[in-house]
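Single-letter residue listing:
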Amino acid sequence: MSTLFDQFSFWSAFWMTIKLTLGAAVGSLILGTIVAVLRLSPVPMLRFLGTSYVNIFRNTPLTLIILASNLVLWAKLGVVMANSKSPDFFNTNNFRLAVLGLTVYHASYVCEALRSGVNTIPLGQAEAARSIGLTFGQSLKEVILPQAFRGAVVPLGNTLIALTKNTTVAVTIGVAEMAAMLAKVTEDDPGLLNQAFVLTALAFVVLTLPVGLAVSWLGKRLAVKR
Amino acid sequence: MKLRNTAAIALAVAMPLGLAACGGGSSSGSGNKVKIGIKYDQPGLGFKDGNKYTGFDVAVATYVAGKMGYKPDQIEWVESPSKQREKMLQAGTVKMIFATYSITAKRQAVVSFAGPYFVAGQSVLVKADSPINSVDALKGKKVCSVTGSTSVDNLKKKQPALVPQNYDTYSNCASALADGVIDAMTTDDTILAGYANQDAYKGKFKLVGGTFSEEKYGVGLKKGDTATCQKVNEAIKAMIDDGSWKKALQENLGSNYKFNTSLNPPKQDACS
Chain A
1 MSTLFDQFSF WSAFWMTIKL TLGAAVGSLI LGTIVAVLRL SPVPMLRFLG TSYVNIFRNT
61 PLTLIILASN LVLWAKLGVV MANSKSPDFF NTNNFRLAVL GLTVYHASYV CEALRSGVNT
121 IPLGQAEAAR SIGLTFGQSL KEVILPQAFR GAVVPLGNTL IALTKNTTVA VTIGVAEMAA
181 MLAKVTEDDP GLLNQAFVLT ALAFVVLTLP VGLAVSWLGK RLAVKR
Chain B
1 MKLRNTAAIA LAVAMPLGLA ACGGGSSSGS GNKVKIGIKY DQPGLGFKDG NKYTGFDVAV
61 ATYVAGKMGY KPDQIEWVES PSKQREKMLQ AGTVKMIFAT YSITAKRQAV VSFAGPYFVA
121 GQSVLVKADS PINSVDALKG KKVCSVTGST SVDNLKKKQP ALVPQNYDTY SNCASALADG
181 VIDAMTTDDT ILAGYANQDA YKGKFKLVGG TFSEEKYGVG LKKGDTATCQ KVNEAIKAMI
241 DDGSWKKALQ ENLGSNYKFN TSLNPPKQDA CS
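Residue numbers (the UniProt record's numbering), protein chains in the order written: chain A, 1 to 226; chain B, 1 to 272.
Just so you know, the hints here were simulated from the structure itself, not pulled from any lab data.
Only a predicted model underlies this, so the values are computations on that prediction, with no experimental measurement involved.
One should not assume that every hint holds.
Derived BS3-like pairs: lysine-lysine, alpha-carbon spacing no greater than 30 Å straight-line [said to hold, decoys possible]:
id	chain 1	residue 1	chain 2	residue 2
1	A	85	B	139
2	B	158	A	85
3	B	48	B	246
Isolated chain B (complex conformation) (with noise of 0.2 Å):
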């Protein structure tokens, strides 16, 4: 009897803590933690190794956070893969997303951007002995992306006959030009760069064919939230000046990593 006591009054304490872990939602960047959405599987840009998080995104983010008076153990970093960012965003689950995210009108309806703090552009990613030196040599070649994706839409606008591979991640088109069975595989600059630059990879791939879009990389923030906005953008704009930008870019992506000069560093849009 004085065990069934017990019981009951442990679960009758547990039971608001649940309901508390499930609405957990509102309390993002309250307290002095601060939830940031990263990717977790993006070498060079969001990537878990373990316990660390290491990137381009994950070292801006680091540097925003810390302007904006969260130290990095304050930080609690939250996956955020593509399909969730915009939920997330709007549920108030992360307060802000580092996470390759390309500023689109169709997402500036849905959710509000700050940045952009790079801007990356489509390229395409060979085995490093491939005679493919340009999109048009592209021609009758099997070429990689994800699923979802617009890349492979865009490659066909300059090369319609390709013949298209779309996997569920960007590790199994690496993973398939590795071995051989497709030819190149094409999405931004700073992904394919980062798997370029992946210790497993190194050496065996080489970007060709330049860039050829334009993707400005925005910080995800809830629909409407300018206060934080300005915040981010004012941190970005330091970040820039003081040269810690190009040292994190740099650092995460390879130092013979060639980006898009006349574009970079960005000038950041203003907040609405």
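Bound conformation, chain A alone (with noise of 0.2 Å):
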């Protein structure tokens, strides 16, 4: 077993699965409220694009999401997202092309969780806003989003635990995470592979068991009360 913490570094990859799962949430909660702020304009051609982004990346393999933000994004576009003479220059860099292929992806869940928010919200609250003289931008950002937001805890959560097994696709281009453990002591010493296997399913429920506990505490918690 202690070869697995030692030879194999099982909690730089367990980092690496926290870190690439709290990059891709905050970036996918930022960008999925802006598509979904597009899919609620009052403007045709603004809700269209909202709507083509969620059914274009929602309906994308993950796996090719990530694979083309390394072999297209980077290998043919050039896009270069960290020093490319440093020694540490793919770690960087893949890492940081896998956060964006998991925000990019998610975001379309994220926009889909705050508009099922959005509809817990009666229809009244939004033409009274209007009526008193707000702005689409002031009643969104005064009355509809942050009774959205409440009202879309849980399935947020749901999409961050999504997020977090999601994580595992980064080993497609060599992000040093759970996954990619997994194949190194596949590779160089398979009789570990079973306690290999059981580790790694206890550090998913680690990560995952306590935010679906505290999303449902939350989300019955902080649900406006009709």
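Both chains come to you apart, so use the hints to assemble them.
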């Protein structure tokens, strides 16, 4: 068991998974909110943009998005996200590309979760906000979004849990997270495989179970009583 | 009502069939079919091309199965990716695995090996017009291999100043190398030669730096299966002796692939 921690650096793989999750969670929350605002806007063109974004990225396999962020965005189009002279170039570049890919994919789910939150708000509230003279932006900021976030805590939490597990896809472009550690164990020391599987499963439970519990508690507490 | 009865009978008949299909592990090699694990995505070694299977591993497997009394149409090919090889042998999903499977002490603790049938060595593949001609020239260069493989760590012992990139498959490395965004790719020379000999990349890549490790390709067997091991070893020896071993090598990896002649053809290890 201790070999898994020393030789296969389990903790750094675990930390990498957490970093990927946190980076993509913050990124997709911001991007997803923007897309949700587009889908709620009164301008048809912006609504079309938002809807297209969700349909394109929600329906593309994540592996393809992550691989394309490396082999297309970086290799073909030359988008560099780190200092290309550094000996650590690929680690940094691939990590950032993976966060970008995860962000882009999960933003579509965040957007849909937020829209479901918006649907919990009676239509009269938006109408009332407009009739007292608030602009679209003001009514969104003061009335709609604060309630939408509170109503969307549970679906947002589900997205976060899915995101945590989806970080394992980053192994396709060589980010050294948990799935990469498993691949290394398989190659070098197949006898340890069962232990490594159990340990990895436990690590994911440790990451996702508290999120699930916190989310159901918060969801009840924060929901707007009507 | 009648229809419902028919459906119930159909279900009752189909269910044990489904169960039997799931539990089919123990039947590998029994009857008159043999299940052999190969790679499907390694050009020149084990490659699925439409419904045909090509490559050096496939040629050796076909020959060995032939000596054991199985005609080519009695062989059932099963894909055995690196990550699943041990599990497939332990569960009995396949009887033998010919899949660039290096014999290592750690693996021998879990599975048994026959062979080796080839000794490969780690090498470096670069673009045909690249100025890189040795391992020393890789200083500060971007070098690609696959996640989990020890190739980059091995190379780092000889040339610490390199920038490693890992993908999940060698095909992605080859694609990035062809695009020129990485400078070299490293793994067993057989795998590299297979890509250099592939139609899409023919004439675009070259092998440099010689070989600097010993990878003995063995035939993966269930732990303790000495009976099969002995039969496989005899068949491999026969294949080397009658010249079809060399022919298969040249056909699949190209006539200008230079393998390490001091180690090849290899002597088979004793079965244990």
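Practice task
Would you list, in rising numerical order, the hints stated earlier that this structure does not obey?
Solution key: none
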